[in-house]
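With the hints as extra help, turn the sequences into a complete structure.
These protein sequence lines are chains A and B, in that order.
Under this note's numbering, the first sequence has 171 at position 171, and the numbering climbs by one with no breaks.
Under this note's numbering, the second sequence has 279 at position 279, and the numbering climbs by one with no breaks.
Keep in mind that the hints are not guaranteed to be accurate.
[Stated by the list, open to error] Which stretches of chain B does chain A cover? Using the computed rule of at least three CB atoms under 8 Å from a CB of chain A, they are:
#1 347-353
#2 359-367
#3 503-512
[As the list claims (entries may be wrong)] Pairs of lysine to aspartate or glutamate, EDC-like flavour, derived with a Cα cap of 16 Å:
#4 A:LYS29 with B:GLU439
#5 B:LYS437 with A:ASP30
#6 A:LYS186 with A:ASP123
[Unchecked claim] Restraint-style ranges between C-beta atoms, simulated for each label pair:
#7 A:VAL492 with B:ILE380: 52 to 60 Å
#8 B:LEU43 with A:VAL492: 21 to 29 Å
#9 A:ASN64 with B:ILE380: 23 to 31 Å
#10 B:TRP9 with A:ILE570: 22 to 30 Å
#11 B:LYS173 with A:VAL492: 47 to 55 Å
#12 B:GLU136 with A:ILE570: 42 to 50 Å
#13 A:HIS637 with B:TRP9: 27 to 35 Å
#14 A:SER719 with B:GLU136: 55 to 63 Å
#15 A:GLU412 with B:SER44: 49 to 57 Å
#16 A:LEU587 with B:ALA39: 53 to 61 Å
#17 A:LYS29 with B:LEU227: 54 to 62 Å
It is worth saying that the hints were derived from the structure and are not from the lab.
Only a predicted model underlies this, so the values are computations on that prediction, with no experimental measurement involved.
By construction, the Cβ of each residue, glycine as well, lies at the ideal position given by its N, Cα and C atoms.
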Amino acid sequence: MVEQPSQASVLPAPGSPVARRRRAWREFKDRAARYGVATGGMMVILAIVLIFFYLFYVVFPLFNNAEIATHAEYNTHSQNVTHVTLNEYNDIGLMLTMQGQARFFNANNGEVIVEADLPLPADSHISSFAKGASSTGVFAYGFADGRALIFKKDYKISFPNDKRKITPLIEFPAGKELVRVDPQGKALQLLSVQSSEQQTMLAGVTADNRLVLNSLVREQDFMDEDVFTIEQTSAEIVLAENLQVTLLRIDIDQRELYLADVDGFIAYYNIEDPQSPRLIQRIKAVPTGVDITSMEFLTGGISILVGRSDGQIDQWFPVRDQDNNYRLHNVRSFHDQAAAIVAIAPEHARKGFLALDEKGQIGIYHTTAHRTLLVEPLVEGGSAIIAVSPRANGLLSLTADGQAKLTLIDNEHPEVSWHSLWQEVWYESRDQPGYVWQSSSASDDFEPKFSMQPLTLGTIKAAFYAMLVAVPLAIMGAIYTAYFMSPTMRRVVKPTIEIMEALPTVVLGFLAGLWLAPLVEANLPGIFTILIMLPIMTILTAWAWTKLPSAWRKRIPDGWEAAVLVPIVIAVGMFSMMASPTLELWLFGGDMPRWLNEAGIDFDQRNSMVVGLAMGFAVIPTIFSITEDAIFGVPKHLTIGSLALGATPWQTLTRVVLLTASPGIFSAVMIGLGRAVGETMIVLMATGNTPIMDFNIFEGFRALSANIAVEMPEAAVASTHYRILFLTALVLFGATFILNTIAEIVRQRLRNKYSSL
Amino acid sequence: MSKQSVSTWFKSGSPWIWLNAGAVSISIVMVVGLLLLIAVRGLSHFWPADIMALSYQEPGGEPITLIGELVDTEVVTALRLKSTGVDLPSGQTTGERHLLKVGNRDYFGLDFRWINGSWAGEASYPEKIVAVERREWGDFFGYLLEIRQQGQTIASGDDAWAELQQRLDRSNKLIAQIKQLEKSDIGTINHGLEGLRLKDRKLELEGVVAGSVQHQQIEQERKQWNLRYADITKQLAVLNAAVNRDQMVIQISDGREVEIPLAKVVDIMRPNAMGVGQKIATYGREVWKFVSGDPREANTEGGIFPAIFGTVLMVMIMAVFVTPFGVVAAIYLKEYAKQGPIIRLIRIAVNNLAGVPSIVYGVFGLGFFVYFLGGNIDEIFFSASLPTPTFGTPGLLWASLTLALLTVPVVIVATEEGLSRIPRAIREGSLALGATKAETLWRTVLPMAAPAMMTGLILAVARAAGEVAPLMMVGVVKLAPALAIDTVAPYLHLDRQFMHLGFHIYDVGFQSPNVEAARPLVYATALLLVLIIIVLNMTAISIRNRLRENFKSTES
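Spelled out as structure tokens, the structure:
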């Protein structure tokens with residue numbers, strides 16, 4: 001059938017080219033809109049998903065293990081090398097031989113850069129070598145005549161033509177003269193050295209098995225920097241005759257001296273007073289049949305790492321007991337290597353170390369995190385010496401036949417493990433293991449303490465006290481509003497409470513911190529009176545109401561009880577506040593916070609109670625609104641049926657309405673909990689933000705969210721601290737997302753149930 | 001009924017109903033009480049309170065006179081008073097104490113003083129006490145003695161007060177001129193010079209040899225800027241000399257006579273001599289100064305205009321991002337996407353995102369927007385000014401984007417709700433008439449859903465205006481040196497940091513050195529923020545309600 005185009009139509013005839021063109025254009029627009037909207041919509045959804053993935057992407061490197069890659073291999077044609085070091089940029093090495101050669105070489109190919117000229121005596125030969133803490137770069141040679149030479153490596157960095165130029169050099173902190181370590185002139189079989197600006201300490205075991213201790217105090221001349229005098233004091237410790245000392249170490253602060261011997265004992269001396277060294281403890285550190293094969297200080301000089309012949313490495317440090325005595329404790333052990341540990345190289349800035357065993361396997365460890373990051377073969381045929389660069393990203397190894405290898409290490413975040421985040425960790429200088437969050441400090445060799453426990457507990461504590469306030473008030477309020485309140489009043493009450501949901505939490509936090517906290521502190525008994533008196537007074541009012549003449553009662557219809565109670569609530573509040581000083585005098589001797597302190601309960605002005613009240617206030621509208629909707633949505637025929645069968649309104653409520661609406665109430669509580677867990681400003685402003693492990697209502701806490709707000713601005717990008725803060729954000733994200741999802745699913749089920757009823 | 005016993009009464013459930021009612025009453029009292037607290041404290045800040053003169057004698061001390069404003073009175077137990085160093089006579093268990101704002105911080109050390117009620121004498125309100133609002137060191141109270149010009153006494157006694165007003169106006173006008181020169185004119189010059197430095201650096205990066213034509217041109221321009229600068233410095237010197245002409249002498253409560261240059265004075269009044277009408281006028285003026293002025297003294301005094309400006313601008317830029325994206329996503333979810341388990345999952349996820357803590361968005365914004373996006377933008381477009389970051393640092397743009405992400409679920413949910421409320425008949429009618437899906441959407445559905453989108457947007461704005469935690473990481477600062485909009489191209493500086501009302505509350509309330517003095521100002525700021533947010537929410541609610549009414553009529 002062919003349609004006849006009407007003459008009067010303004011539309012082009014169907015099928016005409018114009019109409020076809022127009023239709024094609026419209027179809028194009030339709031399709032364009034479809035794809036445009038789809039792409040736009042998908043992009044927004046992707047952007048939202050991106051949040052999760054980006055957080056994860058930042059956090060992920062925390063859990064990577066270390067990786068090593070060989071960078072260069074060459075032969076140095078050197079023998080008898082006793083020690084190597086590697087500089088910060090992995091390009092210059094220093095090797096020290098038992099002949100007294102100090103050779104700086106290119107770490108990438110072994111070319112000699114400069115051979116330092118050490119003032120070696122002609123009449124004696126080197127009998128021992130010692131190295132100080134790697135951050136100081138101090139070394140010493142001990143000679144067969146009981147003297148020692150102390151020297152120090154240094155790198156001068158200059159930028160001629162905008163290019164970095166490193167000039168290695170050797171300095172002599174105690175002068176170029178040799179120091180007489182053993183007054184009796186016996187050969188130094190073992191030597192240990194530490195040196196700081198002011199003081200140098202040398203300890204040596206002589207050929208006739210005496211332990212000599214020397215302290216050199218440097219007095220700088222006021223006028224000339226290069227002029228100084230040295231004041232030497234020495235002491236001697238006689239060792240048991242059959243004692244065979246194998247290792248000797250002084251800590252960087254020159255306060256402690258450790259000896260290891262053939263029988264597997266470690267002796268721990270206090271040498272704070274170099275003239276009278278004191279033996280604190282001698283302890284069997286390894287089981288019988290196992291030897292101590294190496295011993296080094298961890299950076300900071302508090303812990304010693306003991307390498308054993310069975311491949312295990314133990315960390316020991318002194319712990320103070322009840323009687324204020326220090327005792328060595330084996331704090332943790334690593335047993336991921338199978339052969340005797342021949343060399344341990346502590347990292348310079350972190351509490352990590354590298355260990356090489358007899359079979360040539362290298363292990364990378366971190367002590368605080370109790371984490372083995374890598375165990376891999378490094379050198380063929382065992383015995384080698386190793387050096388780690390100050391940035392812990394380069395490893396130089398040198399075998400006895402002069403074969404050298406430069407290995408690059410990728411090990412950015414060894415400090416973090418499940419153990420260090422969530423379990424009790426025994427930190428250095430602490431009496432016992434504990435959960436501590438202390439992310440930064442002024443000192444360089446600080447052991448970062450990244451336990452998430454106190455923060456998580458803080459968040460839980462905040463949420464708990466907030467829910468304690470919010471749940472009863474919000475749910476009871478919602479029950480009344482939805483079920484008993486007169487519609488006129490409900491129209492006012494519901495929006496009033498709901499509008500508070502939008503109230504900025506910074507305002508609540510400010511009021512909590514600056515108004516409520518001092519108020520609570522000054523009127524503590526009054527606050528408790530309010531809590532006790534309010535329900536009692538409500539019931540009494542209700543009772544009194546029944547006693548009122550019915551003419552009076554009829555003036556206020558049912559559903560307006562809440563309005564009757566408003567003046568009562570205000571009166572109770574005011575009365576409690578006014579009675580507070582009297583009560584305080586009567587019950588608590590006039591100062592309740594002090595009374596609490598005397599009873600052994602710590603009291604902070606900004607405490608969990610204040611947070612509970614303020615955050616409870618913030619959460620009430622959320623819970624109230626959802627609960628109210630759920631109860632109000634209960635189909636009317638259910639309640640009418642119940643009432644018709646003779647149940648009282650209260651019976652109908654508890655047996656019919658609440659049961660039906662319970663999933664809705666549950667999801668309201670979940671959503672409220674989610675809000676309390678993530679809330680930042682209130683917990684930031686209303687507590688002292690101290691990370692403590694305590695559930696005391698009168699003390700503060702530090703929550704995950706507040707911790708992010710406090711520390712994020714000062715965390716260096718891509719540092720471990722930065723990534724851990726991202727991890728805390730991810731934890732918060734995950735926790736709230738799960739809570740909300742549960743709530744949402746429950747709510748959708750409920751909605752389906754209502755529609756089917 | 002009246003004869004019932006207690007146990008039957010309990011059985012009837014009536015007490016529990018009352019208890020539930022009590023919960024509502026408590027909530028209402030808390031809500032209203034909180035709003036009243038903020039309102040009363042915030043609004044009373046601007047009221048020119050009477051200043052009392054009080055004789056005060058500590059036991060064993062000389063009687064002294066205190067001049068100040070009564071701030072607070074409380075009853076405290078003796079033991080607590082003892083810990084503050086006040087010993088009450090034995091037998092007296094509680095004491096009354098008053099907090100007096102005595103001002104004159106630079107002479108007394110502290111501008112607040114607790115005084116013990118029983119040691120205070122009779123208070124009087126002499127009309128001649130003046131309250132001086134100073135540019136530095138807070139308020140100043142005392143008796144005006146004389147006016148000096150270049151050290152010469154011009155007027156004293158009652159004449160001094162008459163002479164003062166006109167001289168104060170003059171000095172304030174001069175100071176406004178100086179400020180204009182310093183801020184605007186010198187700012188322009190600095191901006192010009194900085195631009196030249198960047199050009200220089202760019203030439204260097206491009207490898208243009210020194211002494212080329214471009215370099216000479218730059219040198220030329222630099223000379224011109226420097227000339228203008230010298231000119232302005234000369235003008236400033238003249239103005240500064242003029243502004244320092246007048247001084248006034250004030251006697252403070254301990255009898256000392258203090259000379260204050262008028263250049264240091266913002267305002268001066270005699271509150272005790274003012275009538276109610278005058279006070280109301282002053283009140284209005286103070287409110288205006290608060291809303292339109294710049295902050296002084298580490299934000300603890302003066303106005304909060306930059307914070308209002310920053311908040312509004314940030315929220316507006318956020319709205320520009322959030323509206324189209326939120327609406328498009330909602331249309332996609334509701335109209336185009338195939339409704340199935342995946343879309344249901346996405347919908348739940350979007351819903352939940354509204355409940356994710358805002359601090360998480362802040363962390364994301366800092367990591368992704370600031371360091372990742374911003375860092376890359378800097379390397380590509382602003383390499384000349386590196387290592388000083390342009391976009392690789394917290395700023396207005398990143399703050400707006402972060403908040404847009406935070407509020408996009410709100411817009412999506414509201415728009416979707418609006419779309420689902422549109423009766424099927426309307427859609428089907430349009431389709432039946434031959435309109436394509438896009439035309440149906442564009443011509444009939446979207447216009448009807450517009451109020452819903454509006455609601456979503458307003459709710460988003462209200463939420464964004466009140467958020468502080470994420471902003472602390474992505475661009476808010478304590479004191480921004482310049483507004484983000486000015487007369488220098490490109491006029492809108494998205495890379496600048498800005499001030500924000502919510503952060504202002506946090507900062508002044510918790511980080512400022514003199515919290516006690518700043519407290520009323522924080523209340524006023526909080527009141528303003530709460531008002532903005534409540535008004536926005538009320539608007540959203542009323543739009544939503546009207547919308548529901550409309551659809552009810554279409555459906556029936």
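Going down the list of hints, with the structure as the test:
no.	hint	in the structure
1	347-353	holds (count 6)
2	359-367	holds (count 8)
3	503-512	holds (count 5)
4	A:LYS29 with B:GLU439	9 Å, holds
5	B:LYS437 with A:ASP30	6 Å, holds
6	A:LYS186 with A:ASP123	14 Å, holds
7	A:VAL492 with B:ILE380: 52 to 60 Å	57 Å, holds
8	B:LEU43 with A:VAL492: 21 to 29 Å	24 Å, holds
9	A:ASN64 with B:ILE380: 23 to 31 Å	29 Å, holds
10	B:TRP9 with A:ILE570: 22 to 30 Å	25 Å, holds
11	B:LYS173 with A:VAL492: 47 to 55 Å	51 Å, holds
12	B:GLU136 with A:ILE570: 42 to 50 Å	43 Å, holds
13	A:HIS637 with B:TRP9: 27 to 35 Å	30 Å, holds
14	A:SER719 with B:GLU136: 55 to 63 Å	40 Å, violated
15	A:GLU412 with B:SER44: 49 to 57 Å	56 Å, holds
16	A:LEU587 with B:ALA39: 53 to 61 Å	35 Å, violated
17	A:LYS29 with B:LEU227: 54 to 62 Å	60 Å, holds
Consistency note: the structure conflicts with the earlier hints numbered 14 and 16.
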